[in-house]
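Fit chain B to the given chain A structure using the hints.
Residue strings, one per chain:
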Amino acid sequence: MNRREALSAIGWLMGGAVIGADLLVSCTSRPLQVNDLFNQDQITFLNEVSDTILPATSSPGAKDAKVGAFMAVMVQDCYTPEDQKVFMEGISQLDEQCEKKNGKKFLECDTKQRTAFLTALDEEQKQYMITKKEGDPNHYFRMMKELTLLGFFTSEEGSTKAMRYVAVPGRYDACVPYKKGDKAWATS
Amino acid sequence: MAENVYDAIVVGSGISGGWAAKELTEKGLKTIMLERGRNIEHVKDYTHTNKNPWEFPHRGGRTQQMIADYPVLKRDYALNETNLEFWVNEKESPYTETKRFDWYRGYHVGGRSLMWGRQSYRLSDLDFEANAKDGIATDWPIRYKDLANWYSYVEKFAGISGSKDGLPQLPDGEFLPPMDMNCVEKDVATRIKEHYKGNRHMIIGRVANLTAPLQNRVNCQYRNKCWNGCPFGGYFSTQSSTLPAAMATGNLTLRPFSIVTKILYDKDTKKAKGVEVLDAQTNQTYEYYAKVVFLNASTLNSTWVLMNSATDVWEGGLGSSSGELGHNLMDHHFRAGASGVAEGYEDKYYYGRRPNGIYIPRFRNLNGEKRDYIRGFGYQGRAGRDGWSREIAEMSIGADFKDALCEPGQWTMGITGFGETLPYHENKVSLDKNKKDKWGLPVLAIDCEIKENEKKMRKDMMEDAKEMLEIAGIKDVRTYDSGYAMGMGIHEMGTARMGRDPKSSVLNEHNQVWDAKNVYVTDGSCMTSAGCQNPSLTYMALTARAVDHAVGEMKKLNI
Numbered sequence: 003m004n005r006r007e008a009l010s011a012i013g014w015l016m017g018g019a020v021i022g023a024d025l026l027v028s029c030t031s032r033p034l035q036v037n038d039l040f041n042q043d044q045i046t047f048l049n050e051v052s053d054t055i056l057p058a059t060s061s062p063g064a065k066d067a068k069v070g071a072f073m074a075v076m077v078q079d080c081y082t083p084e085d086q087k088v089f090m091e092g093i094s095q096l097d098e099q100c101e102k103k104n105g106k107k108f109l110e111c112d113t114k115q116r117t118a119f120l121t122a123l124d125e126e127q128k129q130y131m132i133t134k135k136e137g138d139p140n141h142y143f144r145m146m147k148e149l150t151l152l153g154f155f156t157s158e159e160g161s162t163k164a165m166r167y168v169a170v171p172g173r174y175d176a177c178v179p180y181k182k183g184d185k186a187w188a189t190s
Numbered sequence: 348m349a350e351n352v353y354d355a356i357v358v359g360s361g362i363s364g365g366w367a368a369k370e371l372t373e374k375g376l377k378t379i380m381l382e383r384g385r386n387i388e389h390v391k392d393y394t395h396t397n398k399n400p401w402e403f404p405h406r407g408g409r410t411q412q413m414i415a416d417y418p419v420l421k422r423d424y425a426l427n428e429t430n431l432e433f434w435v436n437e438k439e440s441p442y443t444e445t446k447r448f449d450w451y452r453g454y455h456v457g458g459r460s461l462m463w464g465r466q467s468y469r470l471s472d473l474d475f476e477a478n479a480k481d482g483i484a485t486d487w488p489i490r491y492k493d494l495a496n497w498y499s500y501v502e503k504f505a506g507i508s509g510s511k512d513g514l515p516q517l518p519d520g521e522f523l524p525p526m527d528m529n530c531v532e533k534d535v536a537t538r539i540k541e542h543y544k545g546n547r548h549m550i551i552g553r554v555a556n557l558t559a560p561l562q563n564r565v566n567c568q569y570r571n572k573c574w575n576g577c578p579f580g581g582y583f584s585t586q587s588s589t590l591p592a593a594m595a596t597g598n599l600t601l602r603p604f605s606i607v608t609k610i611l612y613d614k615d616t617k618k619a620k621g622v623e624v625l626d627a628q629t630n631q632t633y634e635y636y637a638k639v640v641f642l643n644a645s646t647l648n649s650t651w652v653l654m655n656s657a658t659d660v661w662e663g664g665l666g667s668s669s670g671e672l673g674h675n676l677m678d679h680h681f682r683a684g685a686s687g688v689a690e691g692y693e694d695k696y697y698y699g700r701r702p703n704g705i706y707i708p709r710f711r712n713l714n715g716e717k718r719d720y721i722r723g724f725g726y727q728g729r730a731g732r733d734g735w736s737r738e739i740a741e742m743s744i745g746a747d748f749k750d751a752l753c754e755p756g757q758w759t760m761g762i763t764g765f766g767e768t769l770p771y772h773e774n775k776v777s778l779d780k781n782k783k784d785k786w787g788l789p790v791l792a793i794d795c796e797i798k799e800n801e802k803k804m805r806k807d808m809m810e811d812a813k814e815m816l817e818i819a820g821i822k823d824v825r826t827y828d829s830g831y832a833m834g835m836g837i838h839e840m841g842t843a844r845m846g847r848d849p850k851s852s853v854l855n856e857h858n859q860v861w862d863a864k865n866v867y868v869t870d871g872s873c874m875t876s877a878g879c880q881n882p883s884l885t886y887m888a889l890t891a892r893a894v895d896h897a898v899g900e901m902k903k904l905n906i
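Chains as they are written, first to last, in our numbering: chain A, 3 to 190; chain B, 348 to 906.
Keep in mind that the hints were calculated from the coordinates and are not lab data. Computed from a predicted structure; not experimentally measured. Incorrect hints may appear among the rest.
[Unchecked claim] Mimicking DMTMM-like on lysine to aspartate or glutamate, the simulated pairs with C-alpha atoms at most 20 Å apart in a straight line are:
(1) B:Lys783 / B:Glu350
(2) A:Lys134 / B:Asp807
(3) A:Lys163 / B:Glu402
(4) A:Lys107 / A:Asp97
(5) A:Lys181 / B:Asp733
(6) B:Lys533 / A:Glu91
(7) B:Lys503 / B:Asp481
(8) B:Lys421 / A:Asp175
(9) B:Lys695 / A:Asp175
(10) B:Lys864 / B:Glu900
(11) A:Lys182 / B:Glu741
(12) B:Lys785 / B:Glu799
(13) A:Lys185 / B:Glu623
(14) B:Lys822 / B:Glu541
(15) A:Lys87 / A:Asp138
(16) A:Lys128 / B:Glu521
(17) B:Lys620 / B:Glu388
(18) A:Lys185 / B:Asp750
(19) A:Lys181 / B:Asp750
(20) A:Lys107 / A:Glu84
(21) A:Lys128 / B:Glu738
(22) A:Lys185 / B:Asp694
(23) B:Lys421 / A:Glu84
(24) B:Lys618 / B:Glu662
(25) A:Lys102 / A:Asp112
(26) B:Lys540 / B:Glu521
(27) A:Lys135 / A:Asp85
(28) B:Lys785 / B:Glu623
(29) B:Lys695 / A:Asp184
(30) A:Lys114 / B:Asp416
(31) B:Lys695 / B:Asp534
(32) A:Lys163 / B:Asp733
(33) B:Lys638 / B:Glu350
(34) A:Lys182 / B:Glu754
(35) A:Lys185 / B:Asp733
(36) A:Lys185 / B:Asp747
(37) B:Lys864 / B:Glu662
(38) B:Lys446 / B:Asp779
Okay, chain A solo, but in the shape it has when bound (with noise of 0.2 Å):
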């Protein structure tokens, strides 16, 4: 089993019992350590996170791509201290401002409840972005909502179900009839 195999297992294991999900991890010892930066508790919360952006419809959704574990690896590599700040403290942040507004964690509300709160954040995201100054730090939802969507339309289950995707086309055909709800292709 690699690593993300490991992961996804864990991942099913819990999903359906979210709400004990932190009561299971405390109880057994202290939560897998992933990199430097996350822990498996954290790489759960994201994934749901994500999941609530980009959720199961026909095709699968962000949790099904992983996404959290994606997450890790982007923050942890690739972003500045600065933001890797932001990002951390944007998990715990996401839950706080969760219990305000529903009187429970994010993890412990269900789908629809879920789905407004984001909505909401995002929206609050999107103003903070518009009157954010040079050099003031980035929106940590900003920040999950771009690598949800990275990670998951570049993804095997993102680029191959969600959208199509063909390796090795062999030709190209300039001018081909489009109907709604034709799905993308995955890569340009």
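Frame of chain A; chain B shown alone:
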């Protein structure tokens, strides 16, 4: 024959070096090609070419470590995860920026022929006569008629796809069938042609990608992953094209990890007798001898070799007698243009990833027009449908948002100008003896900038783009100037220019160094002016022509 003696030496293995090796070996000369970097074998060493996007841990992006390791490459799109190993190790090979100069290098067999943009255009007499007519710099010693047949010769072998358009400023060539424009591009091209009554044209890019099989190469598979190296040989590179031809003669020796540190000049014969090589792995020094040396180390590195070949005869370096060695550095300035939205094509799409766009050849300062600047620019661009990274203003998160992003977005079309940079004497490179590279060799100091002529041109590059797109029916057209620093065009040219007079040029009309006639320089450093067309095809043609001359001179015992 001693071990280190050849008929010909080629320094560098990129686009022009590969051509020199092919031509020299096919004419029967025992040739050694010296490449400073590692070998990259065709197909076998294209490590990432068959990877899917999700097989890259950062999906092609850049890590903080990469940003720290590549202080120059990070300034533009080139720093990425998918072909990082094709770009120079900047820590091993630093240079000095007296003024900012973005130098994008590939130190390996094939050089930048592996990562190049592949746009392939002929220069015309509009370009070859420009310096003389404007009374600047020095006149090109050749005209279009001197190069026309050589363009044909290299096009047929390299494989350039394109349309014949009958434009005097952009001569037609020996083309493979053109790639197609998509629905939006076709309509925009038609409207531009109608509105400007045939004085402005939008054509499909002429590109070194095969639209039909050629030699042992398979035609382009429309993956648009050229810069990873192509396992089909679908585009021209040293590896796919010139190197196998040279190898097939049995006359080529390829020596990677061979940094040519100087050309060995013989005062008595007034010719080069060979080159000195520093083995990049062992740090051992070797000498190689030959009757003729082709210097194809890339624009600035060929000049570096000449400068580092200083003797008591030529203190400023071999070829320095005119005082022009290192001067007149040029590039193409770009990143200014316009883009907008095409409406009414919601029922149209495309299949395949075309590694090519459209081209709008130069139309300014033609036919007697006089702008407040001289020369001109061409546009590259494309139309396409937005992908998942688009903003959907009215949507936030959730199922509808996701399903909307899984469908293609609106059509957009953008064009970016590529403008001519003038050859200014004061735009120059020199040896910085206070800074050394990994091998203890002095590095180049680069001191250049664009001036008023280019800055004025950039305004037209934006405004003309807007006007043409609007006339073609594109909506919400916005202009942009994303800023430009010299070098970003990755079209560095000049510093060892051709000319008619040894007092004002480094090379003669056959690309021979005036001061050592058996040394030919046929990469971008030979350029006397820049034109606004992508220059690599011209290097190919000049190289083939110069080899033909060199072999003739050897037969006549002139060199």
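These are the hints, each one checked on the structure:
1. For a cut-off of 20 Å, the pair hint linking Lys783 (chain B) to Glu350 (chain B) is broken: about 31 Å separates their Cα positions.
2. For the proposed pair Lys134 (chain A) and Asp807 (chain B), the alpha carbon gap of about 33 Å is over 20 Å, so the pair is violated.
3. Among the hinted pairs, Lys163 (chain A) with Glu402 (chain B) is consistent with the structure: their alpha-carbon atoms are about 16 Å apart, no more than 20 Å.
4. For the hint pairing Lys107 (chain A) with Asp97 (chain A), the CA-to-CA distance comes to about 5 Å; that is within 20 Å, so the pair holds.
5. Proposed proximity of Lys181 (chain A) and Asp733 (chain B) is supported: the alpha carbons are some 16 Å apart, at most 20 Å.
6. Distance restraint check for Lys533 (chain B) and Glu91 (chain A): the Cα-Cα separation of roughly 51 Å exceeds the 20 Å cut-off, and the hinted pair is therefore not satisfied.
7. The suggested pairing of Lys503 (chain B) with Asp481 (chain B) is violated, with an alpha-carbon distance near 34 Å, which exceeds 20 Å.
8. For a cut-off of 20 Å, the pair hint linking Lys421 (chain B) to Asp175 (chain A) is broken: about 34 Å separates their Cα positions.
9. Among the hinted pairs, Lys695 (chain B) with Asp175 (chain A) is consistent with the structure: their alpha-carbon atoms are about 11 Å apart, no more than 20 Å.
10. This hinted pair checks out: Lys864 (chain B) and Glu900 (chain B) have alpha carbons roughly 10 Å apart, not beyond 20 Å.
11. A C-alpha spacing of about 19 Å is found between Lys182 (chain A) and Glu741 (chain B), which places the hinted pair at or below 20 Å, so the restraint holds.
12. A distance of roughly 38 Å separates the Cα atoms of Lys785 (chain B) and Glu799 (chain B); the hinted pair therefore is violated under the 20 Å criterion.
13. Straight-line distance between C-alpha atoms of Lys185 (chain A) and Glu623 (chain B) comes to about 59 Å, which puts the hinted pair past the 20 Å bound.
14. For the given pair, Lys822 (chain B) sits about 19 Å from Glu541 (chain B) by alpha-carbon distance, which is consistent with the 20 Å threshold.
15. Taking the CA atoms of Lys87 (chain A) and Asp138 (chain A), the gap is near 13 Å; set against the 20 Å cutoff, the hint holds.
16. Restraint check: the Cα-Cα separation between Lys128 (chain A) and Glu521 (chain B) comes to about 53 Å, which exceeds 20 Å; the hinted pair is violated.
17. Note on Lys620 (chain B) and Glu388 (chain B): the hinted pairing is violated, with a Cα-Cα distance of about 30 Å set against a maximum of 20 Å.
18. Taking the CA atoms of Lys185 (chain A) and Asp750 (chain B), the gap is about 9 Å. The hint holds against a cut of 20 Å.
19. With a C-alpha separation of about 15 Å, the suggested pairing of Lys181 (chain A) with Asp750 (chain B) holds against the 20 Å cut-off.
20. Proximity of Lys107 (chain A) to Glu84 (chain A) is assessed by CA-CA distance (about 26 Å); at most 20 Å being required, the pair is judged violated.
21. Restraint check for Lys128 (chain A) and Glu738 (chain B): the C-alpha separation of about 11 Å stays at or below 20 Å, so the hint holds.
22. About 13 Å separates the Cα atoms of Lys185 (chain A) and Asp694 (chain B), which keeps this hinted pair within 20 Å; it holds.
23. A hinted pair counts as satisfied when its Cα atoms are at most 20 Å apart, and Lys421 (chain B) with Glu84 (chain A) qualifies at roughly 19 Å.
24. With a C-alpha separation of about 16 Å, the suggested pair Lys618 (chain B) and Glu662 (chain B) falls inside the 20 Å cut-off, and the hint holds.
25. Annotation: proposed proximity of Lys102 (chain A) to Asp112 (chain A) holds, straight-line Cα distance about 16 Å (limit 20 Å).
26. Of the pairs offered as hints, the one joining Lys540 (chain B) and Glu521 (chain B) is violated, with about 24 Å between alpha carbons and a cut-off of 20 Å exceeded.
27. Distance hint between Lys135 (chain A) and Asp85 (chain A) is fulfilled; the C-alpha atoms sit about 16 Å from each other, no more than 20 Å.
28. About 17 Å separates the Cα atoms of Lys785 (chain B) and Glu623 (chain B), which keeps this hinted pair within 20 Å; it holds.
29. Restraint check: the Cα-Cα separation between Lys695 (chain B) and Asp184 (chain A) comes to about 11 Å, which is no more than 20 Å; the hinted pair holds.
30. Distance hint between Lys114 (chain A) and Asp416 (chain B) is unfulfilled; the C-alpha atoms sit about 46 Å from each other, more than 20 Å.
31. Taking the CA atoms of Lys695 (chain B) and Asp534 (chain B), the gap is near 13 Å; set against the 20 Å cutoff, the hint holds.
32. Distance check on the hinted pair: Lys163 (chain A) and Asp733 (chain B) sit about 19 Å apart at the alpha-carbon level, within 20 Å; holds.
33. In summary, the hint linking Lys638 (chain B) to Glu350 (chain B) is supported, as the alpha carbons are separated by about 15 Å, within the 20 Å threshold.
34. At roughly 8 Å between alpha-carbon atoms, Lys182 (chain A) and Glu754 (chain B) fall within 20 Å of each other, so this suggested pair holds.
35. About 12 Å separates the Cα atoms of Lys185 (chain A) and Asp733 (chain B), which keeps this hinted pair within 20 Å; it holds.
36. Annotation: proposed proximity of Lys185 (chain A) to Asp747 (chain B) holds, straight-line Cα distance about 14 Å (limit 20 Å).
37. Pair hint Lys864 (chain B) plus Glu662 (chain B) holds up; C-alpha atoms about 18 Å apart against a cutoff of 20 Å.
38. Of the supplied pair hints, the one linking Lys446 (chain B) and Asp779 (chain B) holds, its CA atoms being roughly 14 Å apart against a limit of 20 Å.
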